[in-house]
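UniProt numbering numbers the first residue of the sequence shown as 1 and each following residue consecutively.
Some clues are possibly wrong.
[Unchecked claim] DSS-like mimics (lysine-lysine), calculated; alpha carbons at most 30 angstroms apart, straight line:
(1) K146 with K250
(2) K195 with K250
(3) K161 with K195
(4) K250 with K275
(5) K331 with K456
(6) K385 with K342
(7) K412 with K428
(8) K26 with K70
By construction, these hints were calculated from the structure, which means they are not laboratory data.
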Amino acid sequence: MTTKFYDRLSNDLTQLLENPIDNNVKIEVGEEPTSQIFEVHSYILQSRSLYFKKKFNESPFNENHVKELKMPNISTKVFNMIIKYIYGGTVSLENLEISNNFDLLIASHELELDELVEHLQNHLVANNSSWLRLNFSHVCQTSFRKNFEIIQKFCNDIIVKHPDTVFESENFNSLPEDVLISIIRLDDLQLEEDKIWDYVIQWGKAKNPTLPADFNEWTSDNFLTFKTTLKHCLPHIRYFNIPSEQVVEKLYPYYQLFEPRLLLDINTKLLVSEKPISSTILPPRNILNAMLPSNLITDEHALEISSWIDRKEILYTENNPYGSKNGFDIKTIFENCDKVSKTVIVAKVKGTREIIGGYNPLEIRNNVSAWYYSKDSFVFSLKTKNLNNSILSRVTNYTAAIYYDSSNPCLKFGNALNFYANLKTGRKCFCGTDYYEEKIRSSSDKFKVEEFEVLKVSPAQKN
Numbered sequence: 001m002t003t004k005f006y007d008r009l010s011n012d013l014t015q016l017l018e019n020p021i022d023n024n025v026k027i028e029v030g031e032e033p034t035s036q037i038f039e040v041h042s043y044i045l046q047s048r049s050l051y052f053k054k055k056f057n058e059s060p061f062n063e064n065h066v067k068e069l070k071m072p073n074i075s076t077k078v079f080n081m082i083i084k085y086i087y088g089g090t091v092s093l094e095n096l097e098i099s100n101n102f103d104l105l106i107a108s109h110e111l112e113l114d115e116l117v118e119h120l121q122n123h124l125v126a127n128n129s130s131w132l133r134l135n136f137s138h139v140c141q142t143s144f145r146k147n148f149e150i151i152q153k154f155c156n157d158i159i160v161k162h163p164d165t166v167f168e169s170e171n172f173n174s175l176p177e178d179v180l181i182s183i184i185r186l187d188d189l190q191l192e193e194d195k196i197w198d199y200v201i202q203w204g205k206a207k208n209p210t211l212p213a214d215f216n217e218w219t220s221d222n223f224l225t226f227k228t229t230l231k232h233c234l235p236h237i238r239y240f241n242i243p244s245e246q247v248v249e250k251l252y253p254y255y256q257l258f259e260p261r262l263l264l265d266i267n268t269k270l271l272v273s274e275k276p277i278s279s280t281i282l283p284p285r286n287i288l289n290a291m292l293p294s295n296l297i298t299d300e301h302a303l304e305i306s307s308w309i310d311r312k313e314i315l316y317t318e319n320n321p322y323g324s325k326n327g328f329d330i331k332t333i334f335e336n337c338d339k340v341s342k343t344v345i346v347a348k349v350k351g352t353r354e355i356i357g358g359y360n361p362l363e364i365r366n367n368v369s370a371w372y373y374s375k376d377s378f379v380f381s382l383k384t385k386n387l388n389n390s391i392l393s394r395v396t397n398y399t400a401a402i403y404y405d406s407s408n409p410c411l412k413f414g415n416a417l418n419f420y421a422n423l424k425t426g427r428k429c430f431c432g433t434d435y436y437e438e439k440i441r442s443s444s445d446k447f448k449v450e451e452f453e454v455l456k457v458s459p460a461q462k463n
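Could you build the full structure based on these sequences and the hints that come with them?
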């Protein structure tokens, strides 16, 4: 029987780090003037990290028989955690900001600390999924590195169900080619093939800003340049699953991108569908037959509101105790949600694409007529196709944060967001500026509500 005294070993090696006797390496970490020098031992670092083994083989000793390295791209806070892991085999993530956890993952990958890379991925997915979603574009691009399978699976699970998180993001056109290819190869991607084609074309044009803006002015050389840009993407489009009318409308204008055999087979399949062809036919994507329930807000909207609620990056889940299916009268909100606290009211303004709402941390009160105090309530207007950025407006007059009146039915967030009577038939709702930081609608006109939801906020369950 072998007895293992790992705790004592870890403690002794950590003490060696704190009192670096016989150190022969100096590593300058971070950027000046806040950089820090770490005095360490080459034999420990190279035995724990292939990265350092390679670096020490490349780096000569100076006249004092010390190797000197610079690592400006890693913060001192992150490197301090890494060096403690290397010496003592311990890492503590509880009090670390989530963004630093992710930085630690990136640095651990660079230093080829595979054990730590796997642990950090599992920790982030299990405990910080909301932060990963809120920073999805950056996380997604990072996930396609070697040994990031856990984060990559997390991202792929989101992409296949909610492809807009990538394809409609501001950073889509800057996606690296390998990331885009990895996405369009997904069998479960819930997106019609002709839409995938549209996005690939959009991405390719963004990579060639010098191409004529007017497609009709493209020359053969322009098409050749464009084809070169897309040569690794084009084989992953499932051409034979595109409806015939979309083939004519979307593929034919770009016929110069296709190899002659593929173009012939596309035409053959279109005209004589039963005739055999020689091109590879990729299987259709596994599009779900059952549509997901439609909500006023997207997952990304919910996460954005969640971060506002907690003033951090903590995910909350929402259950919908009440919505427009129950009627549009404010009085029924009081009756259905009496004594329910921590709610988000979301409304779609009739005749527009605007989605506005407010967070109320207090209990909703029925049979009262009074103002209530809150430091945490806020109103908002969410980013949509006609609004470039979401607007957040927090309460400034705490004593007039929330107003309930069930006798003359109204629910008010100060004067910033006012819901009155029947939201659908009565044009009485309006947005002002009093008691909150800023106005969430450019118009002061009164409006009707087309749809609305009252969402209960509750802490998310850990995966």
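Structure-based check of each hint:
1. Proximity of K146 to K250 is assessed by CA-CA distance (about 35 angstroms); at most 30 angstroms being required, the pair is judged violated.
2. Between K195 and K250 the CA atoms are separated by roughly 10 angstroms; this keeps the pair inside 30 angstroms, and the hint holds.
3. Only pairs whose Cα atoms come within 30 angstroms are accepted, and K161 paired with K195 is accepted, the gap being roughly 15 angstroms.
4. At most 30 angstroms may separate the alpha-carbon atoms for a hinted pair to count; K250 and K275 meet this at roughly 23 angstroms.
5. At most 30 angstroms may separate the alpha-carbon atoms for a hinted pair to count; K331 and K456 meet this at roughly 18 angstroms.
6. With a CA separation close to 28 angstroms, the supplied pair K385 and K342 stays within the 30 angstroms bound.
7. For the hint linking K412 to K428, the alpha-carbon distance of about 12 angstroms falls within 30 angstroms, and the restraint holds.
8. At roughly 9 angstroms between alpha-carbon atoms, K26 and K70 fall within 30 angstroms of each other, so this suggested pair holds.
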